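Generate coordinates for the entire structure from the input sequences, incorporating the hints supplied.
When we follow my numbering, the leftmost residue of the sequence shown carries the number 5, and every step to the right adds one.
Think of the hints as simulated: they come from the structure by calculation, not from any bench.
Careful, some of the hints might be misleading.
The following label-pair restraints were derived from C-beta to C-beta distances [what the hints assert, rightly or not]:
| # | residue 1 | residue 2 | range |
| --- | --- | --- | --- |
| 1 | D11 | R164 | 32 to 38 Å |
| 2 | R277 | D10 | 44 to 50 Å |
| 3 | R277 | G57 | 21 to 27 Å |
Given the structure is predicted, the values throughout are model-derived calculations rather than measurements.
For each residue, glycine too, the CB sits at the ideal point set by N, CA and C.
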Amino acid sequence: MSSFPDDVRFSVLDRSRTREGEDASHALRETVRLAREVEALGYHRFWVSEHHGVPGVAGSAPTVLAAAVAAATSAVRVGTGGVMLPNHRPLVVAEQFGVLESLFPGRIDMGVGRSVGFTDGVRRALGRDEDDADRFGEQLSELLGWFTGEQTAHPQVRARPAEGLRVPPFVLATGEGAAVAAAAGVPLVIGDLRGRDRLLAAVDAYRAGFRPSPWAAEPYVVVAGTVAVAATEEEARRLLVPEAWAMAYSRTRGDFPPLDAPERIEGLTMTERQRGFYEAGLRGHVHGTEERVAEALERVVEETGAQEVLVTTSTYDREALSASYRALARAVGLAPRTRPEGPPGRTDPEQTVDSD
Numbered sequence: 005m006s007s008f009p010d011d012v013r014f015s016v017l018d019r020s021r022t023r024e025g026e027d028a029s030h031a032l033r034e035t036v037r038l039a040r041e042v043e044a045l046g047y048h049r050f051w052v053s054e055h056h057g058v059p060g061v062a063g064s065a066p067t068v069l070a071a072a073v074a075a076a077t078s079a080v081r082v083g084t085g086g087v088m089l090p091n092h093r094p095l096v097v098a099e100q101f102g103v104l105e106s107l108f109p110g111r112i113d114m115g116v117g118r119s120v121g122f123t124d125g126v127r128r129a130l131g132r133d134e135d136d137a138d139r140f141g142e143q144l145s146e147l148l149g150w151f152t153g154e155q156t157a158h159p160q161v162r163a164r165p166a167e168g169l170r171v172p173p174f175v176l177a178t179g180e181g182a183a184v185a186a187a188a189g190v191p192l193v194i195g196d197l198r199g200r201d202r203l204l205a206a207v208d209a210y211r212a213g214f215r216p217s218p219w220a221a222e223p224y225v226v227v228a229g230t231v232a233v234a235a236t237e238e239e240a241r242r243l244l245v246p247e248a249w250a251m252a253y254s255r256t257r258g259d260f261p262p263l264d265a266p267e268r269i270e271g272l273t274m275t276e277r278q279r280g281f282y283e284a285g286l287r288g289h290v291h292g293t294e295e296r297v298a299e300a301l302e303r304v305v306e307e308t309g310a311q312e313v314l315v316t317t318s319t320y321d322r323e324a325l326s327a328s329y330r331a332l333a334r335a336v337g338l339a340p341r342t343r344p345e346g347p348p349g350r351t352d353p354e355q356t357v358d359s360d
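Have a look at this one:
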């Protein structure tokens with residue numbers, strides 16, 4: 005079914021979404037379980053995200069969660085999509101990834117973004133404001149310098165155990181961050197798939213402005229977006245309903261809720277404003293049968309020249325979620341992995357692991 009170039013990779017981002025009536029502990033454990041499943045299906049990476057003070061998201065500490073995921077898996081690359089750099093001191097981020105890379109050598113990715121807290125209250129609790137995002141380029145430069153030993157902001161300090169380690173960095177962007185990634189010479193993760201013209205413009209600008217660096221000799225583009233696969237178009241669309249309603253609720257109530265069942269959401273009486281956000285949340289995502297989704301993603305890869313597709317799917321029914329990832333793996337021709345002998349979390353020291 006698939007006609008993707010052999011070197012195009014497919015990866016997964018999971019945001020540890022909670023479900024109605026479910027606690028954070030269960031959601032986090034399900035993220036770890038899903039990572040093992042994704043690994044067996046042959047996906048290249050499994051990333052986790054950072055959100056603060058959000059009832060519907062349990063993933064507030066991505067480097068901690070990444071450690072749990074890496075310990076439970078053996079071959080899939082593990083990383084963050086991403087650590088929001090304006091929320092943290094670059095030294096602390098470098099130290100955390102240095103510890104991860106030391107524990108799980110050759111398997112850790114360092115994805116960073118420029119967003120700050122979801123609400124004013126969260127930003128105040130973090131000791132940040134929206135202007136901190138404007139320093140992202142400066143913070144990224146310092147972060148990378150802690151690994152190379154070339155940062156100049158604090159010449160009397162060395163990052164241990166980060167200095168001298170090579171943890172592949174990625175910049176998450178929706179537009180402006182593409183220029184930062186290009187100037188730093190690091191791979192770009194860009195979404196979403198609904199804004200095609202803006203996506204293509206940002207990718208073109210990234211490639212045009214890219215400066216080779218110790219981290220990447222040439223541009224590397226990861227396109228990211230929501231993908232849902234099911235036996236029929238309508239079933240795939242219903243997988244999108246819980247997230248679409250959660251987004252509509254957050255836009256009108258200021259609080260991002262746990263995911264609810266599609267049948268309950270479809271029976272709600274929505275305000276006109278909520279209905280507008282809800283319908284917008286259902287549009288433009290890649291969803292449908294295996295054949296339809298494969299064709300859509302082939303077009304995305306062809307148009308963008310992306311080397312990798314990072315998929316995220318959030319829905320109420322966890323079995324339907326797993327089935328969607330299984331169907332996508334079949335649709336794009338992933339080769340299932342056989343779990344290596346030995347304890348999880350360890351990599352064969354003789355195995356060459358590509359780090360992009």
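Each hint, compared with the structure:
With their beta carbons about 36 Å apart, D11 and R164 fall inside the hinted range of 32 to 38 Å. Separated by about 47 Å at the C-beta atoms, R277 and D10 satisfy the suggested range of 44 to 50 Å. The hinted window of 21 to 27 Å between R277 and G57 holds, with their beta carbons roughly 23 Å apart.
The earlier numbered hints are all upheld by this structure, with none contradicted.
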